[in-house]
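S.K.: Each chain is listed here by its residues.
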Amino acid sequence: MAFDYDQYLRVDRLPHIWCPGCGHGIIFKALLRSIHGLEIDKNDLMLVSGIGCASRLPGYADFNTLHTTHGRALPFATGIKVMKANLHVIVTSGDGDAVAIGGNHFIHTCRRNIDMTLIVFNNSIYGMNGGQVSPTTPYGSFASTAPWGNLSVHFDFMKLAQGAGATFVARATTYHVKLLEKVITQAIAHKGFSVVEVLEDCPTAYGRRNKMRGPVQMMKFWKDNCVMIDALDKLPLEEAKEKIPIGIFCQTTRQEFTDEQHQVAQRAMGEE
Amino acid sequence: MKAETTKEAPKKKGKKVKGPPQIVVNTAFCKGCGICVEFCPKNVLAMKGAKAVVIALDECIECMFCELRCPDFAIAVYPAEG
Ligand code: SF4
Ligand code: SF4
Ligand code: SF4
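Order-wise, the sequence lines are chains P and S.
Residue numbering for the first sequence is 1 to 272, as defined by the working numbering.
Residue numbering for the second sequence is 273 to 354, as defined by the working numbering.
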């Protein structure tokens, strides 16, 4: 059934500015379907972003929205969640925004386990800024600042998020759209800090430098190289090493920041 | 969306329409990326210039993948009833 996206869009701002075939639109649509599926009232949701192509997203969405500074979306979001714990707070962030400029904020938000959702639009590069290497640019691939190939090993978002203490950690791609919608839905419903990394195509800044001229080739790459994490064990070791795992990496519960804060406030006011 | 479409859009979005499936390409929004064409399992779609067009509607199995993967809110599939 055709989904009515218009009910969640600022339709007068469309078409959006993203390049032809850019994965951002695919993730955006999955996010809207997830929100719809969870029957969240528009007024009970806050979308926060930093700076970068992906950070334009809240401008197109008809929710409470906040477009903040580079790498600082999570601190802004934390402030909102602390004051208005009843809101669903969702942060959309590029890879550079989330783990380069905002890297420190990222680990500490994971550590706090505050009940918010971070969706990382991982296009492997700085798109809007001019195709520079980001901490998630794969080792050996090309960027405007790595014309002979990237010498630094890229971050594994899933390990980073789990190591820092996030309690829901998942990865999907723009090819695997149903999985994408499913993990975003679970991430929003999860009580605690949720991190969803989406491997997506940036044909403009990444693809053309890395022998993937168009969005179709990039989507095919996800199709051919990603494997559900549970199925990875069944592959021969040599083959498994080459694959990119997708799916849910971690789903656990522990004390959540706003709950604890509420309890402390009650104790301080002598109500306990 | 107010923009031009290649086919007449059903009046009410999100409601089932009678008859065969209807695929609506919003040509004002389509950026010609070709994703819908490439990953349609039944070759229902093709590129005509820089826009997606429907070439074999009868083959459509209503899997919805073209709509799900279009980054530009440019293609919608209204499955047939029954
Ligand atoms: S530069 Fe890349 S990430 Fe940015 S809008 Fe274009 S394709 Fe998307
Ligand atoms: S719904 Fe499926 S079969 Fe029909 S046009 Fe779209 S991708 Fe092709
Ligand atoms: S996926 Fe969307 S934007 Fe791309 S060619 Fe198809 S209808 Fe046009």
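Derived from the structure by calculation, the hints contain no laboratory data.
Quick caveat: nothing in here was measured; it's all calculated off a predicted structure.
Certain hints may be false.
Claimed, not checked - Here are the simulated lysine-lysine pairs, DSS-like style, with alpha carbons at most 27 Å apart:
1. Lys323(S) with Lys211(P)
2. Lys182(P) with Lys42(P)
3. Lys241(P) with Lys42(P)
4. Lys182(P) with Lys234(P)
5. Lys178(P) with Lys84(P)
6. Lys243(P) with Lys211(P)
7. Lys223(P) with Lys323(S)
8. Lys320(S) with Lys182(P)
9. Lys243(P) with Lys182(P)
10. Lys241(P) with Lys159(P)
11. Lys84(P) with Lys191(P)
12. Lys220(P) with Lys320(S)
13. Lys178(P) with Lys220(P)
14. Lys178(P) with Lys314(S)
15. Lys314(S) with Lys182(P)
16. Lys323(S) with Lys42(P)
17. Lys234(P) with Lys211(P)
18. Lys220(P) with Lys182(P)
19. Lys241(P) with Lys314(S)
20. Lys191(P) with Lys243(P)
21. Lys42(P) with Lys159(P)
22. Lys182(P) with Lys223(P)
23. Lys42(P) with Lys191(P)
24. Lys243(P) with Lys323(S)
25. Lys323(S) with Lys220(P)
26. Lys241(P) with Lys191(P)
27. Lys314(S) with Lys223(P)
28. Lys211(P) with Lys241(P)
S.K.: If a hint holds in the structure, say so; if it does not, say that too.
M.R.: Taking the hints in turn, this is what the structure says about them:
| no. | hint | in the structure |
| --- | --- | --- |
| 1 | Lys323(S) with Lys211(P) | holds (24 Å) |
| 2 | Lys182(P) with Lys42(P) | holds (20 Å) |
| 3 | Lys241(P) with Lys42(P) | violated (43 Å) |
| 4 | Lys182(P) with Lys234(P) | holds (23 Å) |
| 5 | Lys178(P) with Lys84(P) | violated (31 Å) |
| 6 | Lys243(P) with Lys211(P) | holds (19 Å) |
| 7 | Lys223(P) with Lys323(S) | holds (24 Å) |
| 8 | Lys320(S) with Lys182(P) | violated (33 Å) |
| 9 | Lys243(P) with Lys182(P) | holds (21 Å) |
| 10 | Lys241(P) with Lys159(P) | holds (16 Å) |
| 11 | Lys84(P) with Lys191(P) | holds (15 Å) |
| 12 | Lys220(P) with Lys320(S) | holds (22 Å) |
| 13 | Lys178(P) with Lys220(P) | holds (16 Å) |
| 14 | Lys178(P) with Lys314(S) | holds (19 Å) |
| 15 | Lys314(S) with Lys182(P) | holds (25 Å) |
| 16 | Lys323(S) with Lys42(P) | violated (33 Å) |
| 17 | Lys234(P) with Lys211(P) | violated (30 Å) |
| 18 | Lys220(P) with Lys182(P) | holds (21 Å) |
| 19 | Lys241(P) with Lys314(S) | violated (33 Å) |
| 20 | Lys191(P) with Lys243(P) | violated (30 Å) |
| 21 | Lys42(P) with Lys159(P) | violated (33 Å) |
| 22 | Lys182(P) with Lys223(P) | holds (17 Å) |
| 23 | Lys42(P) with Lys191(P) | holds (19 Å) |
| 24 | Lys243(P) with Lys323(S) | violated (34 Å) |
| 25 | Lys323(S) with Lys220(P) | holds (21 Å) |
| 26 | Lys241(P) with Lys191(P) | violated (32 Å) |
| 27 | Lys314(S) with Lys223(P) | holds (18 Å) |
| 28 | Lys211(P) with Lys241(P) | holds (22 Å) |
The structure shown violates the earlier hints numbered 3, 5, 8, 16, 17, 19, 20, 21, 24 and 26.
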